[in-house]
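Asker: What follows is each chain in one-letter form.
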Amino acid sequence: MMKFLLPLAAFLVLVAFLAVGLNRDPREVPSPLVGKPAPAFDVPQLAAPDKRFAAKDMQGKVWLLNVWASWCVSCRQEHPLLVELGKTGIVPIVGLDYKDQRADGLGWLRQHGDPYVLSAFDGDGRVGIDYGVYGVPETYVIDKAGTIRYKQIGPVTPEALEQKILPLVKELNK
Amino acid sequence: MMRTFLIALALLFGSAAFAKDAAPLAEDEAVEQRLNVIAEELRCLVCQNESLAGSRADLAQDLRREVRKLIKEGKTDAEVKDFMVSRYGDFVLYRPPMKPTTWLLWVGPFVLLIIGVIALIVYLRRRGRVVAQTGTDHLSAEQQQRAAALLSEEDKK
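Protein sequences appear in the order of chains A and B. So the first sequence is numbered by UniProt numbering: it starts at 1 and just counts up by one. So the second sequence is numbered by UniProt numbering: it starts at 1 and just counts up by one.
What the hints contain is simulated information worked out from the structure, not anything from laboratory work. Since we're looking at a predicted model, the values are computed, not measured. Just to be clear, a hint being listed does not mean it is correct.
As the list claims (entries may be wrong) - Only pairs whose alpha carbons sit at most 27 Å apart, straight line, appear in this in silico DSSO-like list of lysine-lysine:
(1) A:Lys151 - B:Lys81
(2) B:Lys69 - A:Lys36
(3) B:Lys69 - A:Lys99
(4) A:Lys144 - A:Lys87
(5) A:Lys36 - B:Lys81
(6) B:Lys81 - A:Lys99
(7) B:Lys69 - A:Lys56
To be verified - Sample of chain A residues lacking proximity to chain B, with all beta carbon distances greater than 12 Å (derived):
(8) Pro26
(9) Lys51
(10) Lys61
(11) Thr88
(12) Val117
(13) Leu166
(14) Val169
Glycine included, C-beta positions come from ideal geometry on N, C-alpha and C.
Hey, can you work out the whole structure from these sequences and the hints?
Answerer: Here is the structure:
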């Protein structure tokens, strides 16, 4: 009996490991920034190049930082959802136009709608590097003290919004 | 005389123009060499099976630019790697560090090897005992007879 049980058990363990491994998305690298202070930055705004935006301007508020770009295809996927969220006014969304041309970024917002309180302009991608951005779009939930609480890699899905982002925002606003 | 002078002049300027064309790609050879050594050890986040040194992804180019800047600022290799890890996590290192969450990764293969060796030793010992009990040959008398019968049958054909 043992002769069959032992290899069978070993096989099942192997299957379990493979099943877990195959169902994980290798593109989703856990960010070491969650739980850490949001990196400081101070860059020009997209719509008004003479005005600046700094991360500390949002201190005292729970806010979302959404990294987007006009060249980013999957940004189109999440954008309607963000436009809707922007209308509700539940949480301010700051955009970070990442490695883009100013005119392209502005045109894109005109075409698809602008859910952002404002967009910061990160033309050379320097801010993106500090935030560990490697696949646009990425969205950060930042609390009142300026700590990153959550990072959504890839488009914000309705599920992620309903189950993770909104409950977290609600809790942080308490 | 004038002609020789002109030819010499042409050659001189010709070579000067040529030298400008073939200016080295990197401004600073030493920085570039260190960059390559460090970048070989780092994973490109966009195309995960490529190193930062080999990748042509946009982000990899930006990150090489950052690493180059850090090197010029006189940062050590460890500091450059910390810069990357603090942004992208241990995942960017091709050689993950030893810490509680990576112990299984580091010692796992050796644990499996030890389990295999133990299983082999147990199996060989058990077999040795069986052989010792029944003599060198562990077929019963009945089995030997049958084997002999089968073999002789084979011979007749």
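Asker: Evaluate each hint against the coordinates.
Answerer: Each hint tested on the structure:
1. A:Lys151 - B:Lys81: Holds. Lys151 of chain A to Lys81 of chain B sits at ~22 Å (cutoff 27 Å).
2. B:Lys69 - A:Lys36: Since the Cα atoms of Lys69 of chain B and Lys36 of chain A sit roughly 24 Å apart, the hinted pair holds (cutoff 27 Å).
3. B:Lys69 - A:Lys99: Given that 27 Å is the threshold and the Cα spacing comes to 19 Å, the pair holds.
4. A:Lys144 - A:Lys87: holds (21 Å)
5. A:Lys36 - B:Lys81: holds (18 Å)
6. B:Lys81 - A:Lys99: holds (24 Å)
7. B:Lys69 - A:Lys56: holds (26 Å)
8. Pro26: About 7 Å separates Pro26 of chain A from the closest Cβ of chain B, which leaves it inside 12 Å; violated.
9. Lys51: Given a closest Cβ separation of 25 Å, the condition holds.
10. Lys61: Correct as stated: the minimum Cβ-Cβ distance to chain B is 24 Å, above 12 Å.
11. Thr88: For Thr88 of chain A, whose nearest Cβ neighbour in chain B is about 32 Å away, the distance exceeds 12 Å, so it holds.
12. Val117: For Val117 of chain A, whose nearest Cβ neighbour in chain B is about 26 Å away, the distance exceeds 12 Å, so it holds.
13. Leu166: Holds, since 26 Å exceeds 12 Å.
14. Val169: holds (24 Å)
Going down the numbered hints, you'll see the structure goes against just number 8.
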